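Model the full assembly from the supplied sequences, consistent with the hints where possible.
Count the sequence shown with our numbering and you get residues 1 to 653, in order.
Hints are computed from structural coordinates only; laboratory data are not their basis.
The reader is advised that the hints may include incorrect statements.
Calculated pairs, SDA-like style, for lysine to any residue (alpha carbon to alpha carbon, straight line, at most 25 Å) [as the list claims (entries may be wrong)]: (1) Lys549 with Arg629; (2) Lys632 with Leu618; (3) Lys250 with Leu207; (4) Lys553 with His566; (5) Lys632 with Cys543; (6) Lys422 with Arg301; (7) Lys422 with Phe237; (8) Lys422 with Ser316; (9) Lys553 with Ser526; (10) Lys422 with Ala400; (11) Lys632 with Gln552; (12) Lys250 with Thr186.
Listed next, with one range per pair, are the computed distances between beta-carbon atoms [what the hints assert, rightly or not]: (13) Ile623 with Ser211: 37 to 45 Å; (14) Leu618 with Gly352: 37 to 45 Å; (15) Arg301 with Arg277: 45 to 53 Å; (16) Leu618 with Glu325: 54 to 62 Å; (17) Arg610 with His645: 14 to 22 Å; (18) Ser528 with Ala356: 18 to 26 Å; (19) Ser551 with His645: 34 to 42 Å; (20) Ser526 with Glu575: 24 to 32 Å; (21) Pro229 with Glu652: 22 to 30 Å; (22) Asp446 with Leu208: 34 to 42 Å; (23) Lys250 with Ile623: 47 to 55 Å; (24) Ala356 with Arg609: 45 to 53 Å; (25) Val574 with Ser378: 33 to 41 Å; (26) Gly494 with Leu618: 25 to 33 Å.
Quick caveat: nothing in here was measured; it's all calculated off a predicted structure.
Backbone N, C-alpha and C define an ideal beta-carbon position, used for all residues, glycine too.
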Amino acid sequence: MARDDGRDRPRRVPSAQPRPRRRFRCLVRLRPAPRLDLRRVPATPIQPGLPRRAHRAHERGRVPGLRAAGESGVRRQCVRGGSHRPHPRACRRQRPRRRAYCAHHPRPENALGHLGRHFLGFVGTPRVTSELAWGPAAAALRDLGDLQVFGLPLDAPGLLDACTREERSVFSDERTAAFAAFGRATLQPDALTVLSLETGPSFVNALLGLSEAASGRVPLLVVVEAAAPERRGWGAFQDLPIEDICRSLKMPTRTIENSADLIAGITAASRQAFRHRSPAVAVVRTRTGSDEEHGDGTRRRWSRDRSVSIPATRESMSALRAVDELRDAAAQRARIAVIVGGGAKRAHVRGGDLDAFAAQLGASTLVTASGRGAIDESSESFVGLAGLYATPEGLDALAAADVVVSLGSALEETVRERWAPKQGATLLVVDESEVSCPAHDGRRIDVTSDAAAFLALARDGLVASAAPPPLRGARPIRQQGVSEMAATWAQIEGIMVDGHFDIVCIENGLTDMWGYDPRFLTVPPSTSLVVAAEQAAMGAALCGSLGAKRSQKALVICGDATLRMHLAAVTDAVENHRPIAYVVSSNSGMGWPSLSRTDPELTTFAWNRRLPAVLSSLGVDVITPAELRSQKHLSAPAATFFDVHPAAPPWES
1 MARDDGRDRP
11 RRVPSAQPRP
21 RRRFRCLVRL
31 RPAPRLDLRR
41 VPATPIQPGL
51 PRRAHRAHER
61 GRVPGLRAAG
71 ESGVRRQCVR
81 GGSHRPHPRA
91 CRRQRPRRRA
101 YCAHHPRPEN
111 ALGHLGRHFL
121 GFVGTPRVTS
131 ELAWGPAAAA
141 LRDLGDLQVF
151 GLPLDAPGLL
161 DACTREERSV
171 FSDERTAAFA
181 AFGRATLQPD
191 ALTVLSLETG
201 PSFVNALLGL
211 SEAASGRVPL
221 LVVVEAAAPE
231 RRGWGAFQDL
241 PIEDICRSLK
251 MPTRTIENSA
261 DLIAGITAAS
271 RQAFRHRSPA
281 VAVVRTRTGS
291 DEEHGDGTRR
301 RWSRDRSVSI
311 PATRESMSAL
321 RAVDELRDAA
331 AQRARIAVIV
341 GGGAKRAHVR
351 GGDLDAFAAQ
361 LGASTLVTAS
371 GRGAIDESSE
381 SFVGLAGLYA
391 TPEGLDALAA
401 ADVVVSLGSA
411 LEETVRERWA
421 PKQGATLLVV
431 DESEVSCPAH
441 DGRRIDVTSD
451 AAAFLALARD
461 GLVASAAPPP
471 LRGARPIRQQ
481 GVSEMAATWA
491 QIEGIMVDGH
501 FDIVCIENGL
511 TDMWGYDPRF
521 LTVPPSTSLV
531 VAAEQAAMGA
541 ALCGSLGAKR
551 SQKALVICGD
561 ATLRMHLAAV
571 TDAVENHRPI
581 AYVVSSNSGM
591 GWPSLSRTDP
601 ELTTFAWNRR
611 LPAVLSSLGV
621 DVITPAELRS
631 QKHLSAPAAT
641 FFDVHPAAPP
651 WES
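Written as structure tokens, this is what we have:
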């Protein structure tokens with residue numbers, strides 16, 4: 001019998017009637033997608049009467065510890081809108097090679113990327129500044145399992161703020177939070193445990209708990225907010241190679257750079273945590289800095305985009321030739337500003353040499369936070385700190401400068417904040433190593449030399465130059481009695497001056513920032529300082545005071561949150577009879593995070609009010625500010641407390 005191959009069959013004539021749809025060819029029924037609200041997506045339970053293959057279809061792609069795809073508002077079978085269920089009869093056939101998409105349901109790049117854009121109301125990949133949709137992100141995580149978020153309140157509201165009170169566990173130390181998250185992930189491996197962190201000390205402090213979780217192979221989602229890519233490579237504040245560190249610990253890591261990928265990224269990372277039975281890290285690199293500055297009524301900025309061409313020139317020259325350039329600029333009565341960094345202090349530059357250098361050039365002098373103590377802050381040429389902590393007089397000096405000289409500074413982000421060289425200005429960078437900073441619209445000169453050697457050449461090369469008169473009103477004006485904070489810092493300055501301390505250690509908290517302004521705290525020239533560097537870790541100054549010689553008298557200025565986190569350092573000071581005085585500003589919480597929140601619940605720790613009693617029980621002599629000011633000699637640690645209210649830093653007040 002001949003085989004019918006269908007060649008003699010009559011061709012089918014297309015009918016005007018619509019062809020009936022074959023039920024077994026589609027996995028889901030398509031319908032127009034409503035505007036989704038992740039907080040109200042209903043869960044669809046698995047139908048108990050489905051055949052065995054249907055259940056497998058329901059659970060296709062299911063990860064242990066997460067709900068089945070049919071149970072969650074975030075579905076693997078259909079993420080294109082609506083509340084759909086797989087068709088029971090369709091589950092009995094093989095999965096079709098192609099899925100059907102329509103105009104209402106275009107093919108998404110990934111399962112949750114479309115869902116995130118659908119909710120956020122925009123298409124594309126805009127660069128996020130500080131506003132992230134943490135509410136929808138928390139809702140998406142909530143759909144994946146029994147959610148519990150551990151962490152500290154970050155500088156800006158984040159995932160912890162978006163969770164309900166029952167879903168979050170707030171701590172005062174990242175190390176404790178990481179270990180608590182490790183404990184929960186160990187006890188409830190099928191629940192979704194999240195650790196919320198941010199770049200810098202927050203992440204590093206939690207590494208001890210993260211390494212324990214990685215070695216214990218417990219499922220844990222770690223969300224880290226970090227610096228945006230365009231900020232990296234220029235000394236960004238608290239920047240760290242988080243991805244490299246996590247991968248070295250064998251933790252699955254993904255980077256999220258766009259707001260549209262936030263929900264997709266953290267959800268995919270949570271699935272990785274359960275799939276690999278290991279902490280999975282989602283690094284959200286969307287934090288941008290502010291290189292736009294206002295100076296002399298104009299807006300100017302550093303150029304961080306290497307692909308954008310600006311009229312900038314860069315050259316290297318010897319120290320001797322650079323001194324000649326400065327002599328010529330001074331002869332032409334150019335305005336000159338000098339920034340003294342920590343490198344100058346490490347090179348043992350004498351304050352008299354810096355004062356003579358500024359006088360020969362008629363320059364205004366500024367210091368970085370780490371360079372403080374290298375120059376006499378009572379001199380006429382001194383106008384305060386550079387960058388983030390700049391005074392109005394310092395900003396005016398930098399804005400008017402035709403030449404900006406950087407001595408021993410890496411020109412990190414905090415040094416560049418709130419100012420940028422004016423158009424056509426010359427930036428002369430003197431340092432022992434190459435300094436990487438964004439370009440500006442003007443000329444840059446690099447001199448490879450330490451600050452002491454450069455000043456020695458300048459002392460001879462500039463001696464015959466005519467110095468132009470200094471800027472009028474250059475010296476910072478003292479602020480006396482203008483606010484509660486000014487009155488508090490007047491007392492702290494009195495303690496520092498009358499107590500004759502050899503070392504002053506200033507923390508980086510909100511209230512501590514007022515001590516970075518010479519209008520409120522002028523550091524004597526003979527005083528050595530310990531301050532936090534660009535990572536700005538809590539406790540860097542408090543614990544750093546223990547590095548002084550046993551005979552040196554140290555003053556620690558810190559907040560109650562830092563003191564609570566590092567009580568162990570205080571016990572070590574008591575144990576070793578160190579002459580350290582602690583001046584503590586107490587606001588029962590965390591200052592910086594409180595500025596960005598109206599609800600004090602996350603940032604207030606009532607236990608901090610017990611710190612005076614705790615210190616007294618540890619052997620610290622807790623006394624009044626007047627008593628501490630009158631003590632000329634310390635044989636053991638002492639402490640005094642100031643009650644303060646969180647206030648914006650002086651450059652915003």
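A quick look at each hint next to the structure:
Annotation: proposed proximity of Lys549 to Arg629 holds, straight-line Cα distance about 22 Å (limit 25 Å). In summary, the hint linking Lys632 to Leu618 is supported, as the alpha carbons are separated by about 22 Å, within the 25 Å threshold. A C-alpha spacing of about 13 Å is found between Lys250 and Leu207, which places the hinted pair at or below 25 Å, so the restraint holds. Taking the CA atoms of Lys553 and His566, the gap is near 20 Å; set against the 25 Å cutoff, the hint holds.
The hinted pair formed by Lys632 and Cys543 meets the criterion: a straight-line CA distance of about 23 Å does not exceed 25 Å. Of the supplied pair hints, the one linking Lys422 and Arg301 holds, its CA atoms being roughly 9 Å apart against a limit of 25 Å. Among the hinted pairs, Lys422 with Phe237 is consistent with the structure: their alpha-carbon atoms are about 23 Å apart, no more than 25 Å. Of the pairs offered as hints, the one joining Lys422 and Ser316 holds, with about 21 Å between alpha carbons and a cut-off of 25 Å not exceeded.
A threshold of 25 Å between alpha carbons decides the hint, and for Lys553 with Ser526 the separation of about 13 Å falls inside it, so the pair holds. A hinted pair counts as satisfied when its Cα atoms are at most 25 Å apart, and Lys422 with Ala400 qualifies at roughly 7 Å. Among the hinted pairs, Lys632 with Gln552 is consistent with the structure: their alpha-carbon atoms are about 13 Å apart, no more than 25 Å. For the given pair, Lys250 sits about 18 Å from Thr186 by alpha-carbon distance, which is consistent with the 25 Å threshold.
Taking the beta carbon of each, Ile623 and Ser211 are about 42 Å apart, inside 37 to 45 Å as hinted. As the Cβ distance of Leu618 to Gly352 is approximately 43 Å, the hint placing it in 37 to 45 Å holds. Here the CB-CB span from Arg301 to Arg277 is close to 47 Å, well matched to the stated 45 to 53 Å. In this structure, Leu618 and Glu325 meet the distance hint of 54 to 62 Å, their C-beta atoms being roughly 57 Å apart.
As the Cβ distance of Arg610 to His645 is approximately 19 Å, the hint placing it in 14 to 22 Å holds. Separated by about 22 Å at the C-beta atoms, Ser528 and Ala356 satisfy the suggested range of 18 to 26 Å. About 38 Å separates the C-beta atoms of Ser551 and His645, a value consistent with the hinted range of 34 to 42 Å. For the pair Ser526 and Glu575, the supplied restraint of 24 to 32 Å holds, since their beta-carbon distance comes to about 29 Å.
As the Cβ distance of Pro229 to Glu652 is approximately 28 Å, the hint placing it in 22 to 30 Å holds. Checked against the hint of 34 to 42 Å, the C-beta distance between Asp446 and Leu208 comes to roughly 40 Å, which is consistent with it. Hint check: Lys250 to Ile623, Cβ distance near 51 Å, so the stated range 47 to 55 Å holds. Separated by about 51 Å at the C-beta atoms, Ala356 and Arg609 satisfy the suggested range of 45 to 53 Å.
Between Val574 and Ser378 the beta carbon distance is about 35 Å. The supplied range of 33 to 41 Å therefore holds. Taking the beta carbon of each, Gly494 and Leu618 are about 26 Å apart, inside 25 to 33 Å as hinted.
In terms of the numbered hints stated before, the structure departs from none.
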